[in-house]
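2 protein chains.
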Amino acid sequence: MDQPQQDGRRRVVIESVSPEIDGGRFPAKRTVGDRVRVEADIFTDGHDLIAAVLLSWTEDSQSWTEQPMRSLVNDRWMGEFEVTELGRYRYTIEAWVDHWETWCHDLEKRIGANTDTDIDYLIGANLIDEAADRSKEPHRQHLRDQAEFLRTETDSETRRAHATGAALNELMLRYPDRRFATRLDRELALVVDPVRARFSSWYELFPRSTSPEAARAGTLADCEARLPYIAQMGFNVVYLPPIHPVGLAFRKGKNNSVTAQPGDVGSPWAIGSAEGGHKAVHPDLGTIEDFRRLVRRAADLGLQTALDIAFQVAPDHPYVEEHDEWFRKRPDGTIQYAENPPKKYQDIYPFDFETPKWFELWKELKSVFTFWIDEGVRIFRVDNPHTKAFSFWEWCITEIKREWPETLFLSEAFTRPKIMYRLAKLGFSQSYTYFPWRNTKHELTSYLTELTQTPVREFFRANQWPNTPDILTEFLQIGSRAAFMIRFLLAATLGANYGIYGPPFELLEGRPVRPGSEEYLDSEKYQIRHWDLERPDSLHEFIALVNRTRNENAALQSDWSLEFHPVDNDQLICYSKRSEDPANLIVVVINLDPHHTQSGFVELPLDRWGVEEDRPYQANDLLTGSHYVWNGRRNWVQLNPDSVPGHIFRIRRRLRVETDFEYFL
Amino acid sequence: MDQPQQDGRRRVVIESVSPEIDGGRFPAKRTVGDRVRVEADIFTDGHDLIAAVLLSWTEDSQSWTEQPMRSLVNDRWMGEFEVTELGRYRYTIEAWVDHWETWCHDLEKRIGANTDTDIDYLIGANLIDEAADRSKEPHRQHLRDQAEFLRTETDSETRRAHATGAALNELMLRYPDRRFATRLDRELALVVDPVRARFSSWYELFPRSTSPEAARAGTLADCEARLPYIAQMGFNVVYLPPIHPVGLAFRKGKNNSVTAQPGDVGSPWAIGSAEGGHKAVHPDLGTIEDFRRLVRRAADLGLQTALDIAFQVAPDHPYVEEHDEWFRKRPDGTIQYAENPPKKYQDIYPFDFETPKWFELWKELKSVFTFWIDEGVRIFRVDNPHTKAFSFWEWCITEIKREWPETLFLSEAFTRPKIMYRLAKLGFSQSYTYFPWRNTKHELTSYLTELTQTPVREFFRANQWPNTPDILTEFLQIGSRAAFMIRFLLAATLGANYGIYGPPFELLEGRPVRPGSEEYLDSEKYQIRHWDLERPDSLHEFIALVNRTRNENAALQSDWSLEFHPVDNDQLICYSKRSEDPANLIVVVINLDPHHTQSGFVELPLDRWGVEEDRPYQANDLLTGSHYVWNGRRNWVQLNPDSVPGHIFRIRRRLRVETDFEYFL
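Order-wise, the sequence lines are chains A and B.
Residues 1 to 665, numbered by the numbering used here, are exactly what the first sequence covers, in order.
Residues 666 to 1330, numbered by the numbering used here, are exactly what the second sequence covers, in order.
Read the hints as simulated data drawn from the structure, not as lab findings.
Hints are not guaranteed to be accurate.
As the list claims (entries may be wrong) - Simulated crosslink set (DSSO-like; lysine-lysine; CA at most 27 Å straight-line):
no.	chain 1	residue 1	chain 2	residue 2
1	B	Lys994	A	Lys109
2	B	Lys774	A	Lys344
3	B	Lys1083	A	Lys109
4	B	Lys1008	A	Lys109
5	B	Lys774	A	Lys329
6	A	Lys343	B	Lys774
Construct the entire structure; sequences and hints are all you get.
In structure tokens form, the structure reads like this:
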């Protein structure tokens, strides 16, 4: 019968820590400037009081900082620390039985019952002397004096006042007895990303379709010339599909036809040719110098450039010759192309993550990211990460973010839910979601609640896209302006992170390649398009207005406060987002029906918002500029899809005179 | 940039294992004969198929046993193993990419599209040859032959039939390629207890109140003579409050008065005097020989004897003199008595779990259990475990159960929920609950659902008591027979484990010491009582009937199948329990109102039970013997509290002729 390894006098228990992902296996995610709220169940046996501290640690300081935790209810404790730097933090919890606080607490009850005795004060004096032993001058002598006072003072009221005084207590709290403190048996990690991880507005476009002349293909220089148009719409990330040389072998033709015709440009995701691979720029687009200039120009316009990284190769990619050990061989010696039997994708070779040379492969793939990081890119949209080994992503992203913690990775994994979540846990900063296919109020409410109001939000940051080059939803195939506006409003207000694929989006492109398909007709994936950006029905002004609203309202820059509110009409959805600092309250109402005017009563939780039920307040529609004076919880809303199918209200309370409002606090 | 420690080719992920308590920190609990169902999310990148096995390990066999897992839905996998022995099991999961199954799956799709080629069969042949390398004779040669056949057979249909045949597949599944298998990074533990941990009927009584003569106190011999009465009522655990010498110093008088009168017997929980401590029998009760005889006689009657272990001492307990280092000292050299300021309990000294001699204290306390284990006791009711160090309990229970895995510990911690759950995690086999104070349908439904239908049930086994010597609830203070029957029926059917404190319970004792108190008037805790067991209003026949019903119906011997059903009357509660083997379905309906007849429609989930909506089925009331023929989901129930306030229906389906039923399956 061996003595336990732990000192049996550690009496405090710490459990059910939040945030904690899979028992601490993965880091939680935050952005710079966040206050991190950590909670845990903390308790001890018996009736003794306890104290707890939250410890946080940064790579930079290489030391632990302590914050006191406070008791909430039902043995739940809470502490906070602010994350001011990019990179990894660690945090843990320590708690102990606090004999001093227990003594104080008991003494107050004794005094209340008038049963305090000399011995009670002697016990207190001994506790003070023990603290003195732990303390430093000048506190040490001061504590000794206090102890002596409690031992010798004969006037009962003087002694009581002294023992329960704030000065003594404050000093004692500086020197707690932590000999038998319990430390959480693990350190939890936190990845702190730039704010862009939480709040981003993406615009995707194909550079080769940016030529102002119908006679020739677009270049990076043309794309650069397009940047002001994108910046004027209020986006802050411009995302380019792969810009590398496109394979010639088995090149796909227009509309994904199996054989290309002369002049067909192929898919940018069939990467690599004799002209180079993942670290090269397609000669038709320009040079690496052109790319650098584009990135700089974008930055000048407030746009970060995001690159698409697709880890697969065309048969003529240089890797195939140089590193055939990275690919699976067929018995005839050829390399195994991509397949989803009976479908064959002979223009694409996947990497073999079971190759004996797996670590050489990993290092090379990582070097693709670092190559473009060296060229100024800090945001990567990763194509189909779920078809590459999970452990590769954890290693690769962790390694890269160690050196460049400002780097962001968007996971393009439209696959099963647990796989999407796992990729986020492994390190992806943002993730595409099922949003494109969530149309009804019930679908949107339950899905967005899962994403933003459960522990999922600790690791999975949604990025909501109404369309992508692969996804022209049935809803958008309606083709009406209202349908596009509805999906745009939903994406841009439900998602602090969202994106669109343009110009097809703002130009209301809704024609599928065939009925029942989500592929675009004449998709830019396989051919060059020329777009008339000046079309009068373009949504670009509307998009600019919504993005301006997002940029000016902190509430729309995070998803954590999202809350849905009842409307007595299933075609109307209502939700709110709030921010504390700066104080900002936004209520969104959207008509989900692109065909008919819909109306109903929305019901708002005024009590929780601190808005008086019986005083009018103002709902300012930031889309139309209309001001509504509302009263009470229930208010009437009517939305005609042929004008604007949604409201974005900023709520202001305390109506004084017509021109004088106080913002919601 | 170091190479990762794990081989990067381990592509399968295993997460969200169930059961798993606090990330594997604590064992789950089962009883002998259970089939343990283990689930996990298991998946890999890409489109490859995977295979998974559940591994289980016993101390006895010292080896791992494998069971295949199967895929459920949404990447959830399930496996099972049976626990046939008492003690600790371990389990874990291993999973891998199964290239053979992937090949088979793809081949079937190719064959379906008529696109299978020679190369596809060559790939399969290579996989078979690799399996041959891993196999033993005679399989090795057989596999080589199979591979050769696929390489050389020219008849397409013959080759297809061969490749997709069950014989080859079965052989291949015996030799999977597990080189890159992922093993869950931890082993999870399971404590297997005797069935009594899951199904027990407790009867508590004070031996000193069992004298048949009013003139003298009861003894262990009298208590032994009471055993047949208890056994006839159908109980299987007889639980005795502490039987040790009672302290004289600061002894409490009748009704907990601060000063005892001559002849007052004191509280059995004020343990220890010059006559001995926790390992002694009170001389007034008899000798250790008397105790042994009682335990044997109980066993002959099918009763296990449970002892109360209360780790606290009276001031005259021998420990105080022999081990004053186990107690906290006051500055005046006296020992700190128990306090909850301003209340003082000077008849009780708590142990100081922060003593430097903590491990000597732990060992002595453990020896109290083993002393009584040596005397034949295997069930302990532990008094106030939440006022002793948590780490002590984990160590003590684990140590004892290692040697005597049949031992059970009931935690008497009426305290905050997280503390009660923690004690259960640490090793207590059963726990008292808040049941005494859950009276309404909503309260009972939500609490019992939490206990039985959430992961709580993996570690916390409820033991439901309508009363204890400390708890005479307001509901029972009504004093009516109906009130006692209602609470009894609830306890005995909601709780596969339950107990009563008798004879006060069966004799409808409902008088509190004063209004608003839950203490009994003239409580047996402080004085000897004499009870008239023959009173005509005694519930003992009713109790015997309910216990017989419990003993004869497997459904009532576990809580895991508990399910509540709607009734359109808030005073009626309806729930069911089921067992599979033997097949048994019990539906309970109870009138929660002790004053009025209540009626309503109960609604049963016939579809899930496999009972046809349009065929009559039988509900046999096991309390009254009445047979009801029911039809459809909704059926009428009426209960008069003045007769029997509840039904315990056994449901039988397939009505053929009146006397011929088939039990529910």
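Sort out whether A/Lys329 lies within 27 Å of B/Lys774, counting only the CA atoms.
holds, 21 Å
Does B/Lys774 pair with A/Lys344 here, judged by a C-alpha cut-off of 27 Å?
OK: B/Lys774 and A/Lys344 at ~12 Å, within 27 Å.
B/Lys1008 and A/Lys109: Cα distance at most 27 Å?
At roughly 10 Å apart (the allowed maximum being 27 Å), A/Lys109 and B/Lys1008 satisfy the hint.
Check the hint pairing B/Lys1083 with A/Lys109 against an upper bound of 27 Å on the C-alpha distance.
holds, 26 Å
Agreement of B/Lys994 and A/Lys109 with the hint, judged by alpha carbon distance not exceeding 27 Å:
holds, 21 Å
Pair hint A/Lys343 and B/Lys774, alpha-carbon separation not exceeding 27 Å
holds, 10 Å
In this structure, every one of the numbered hints holds.
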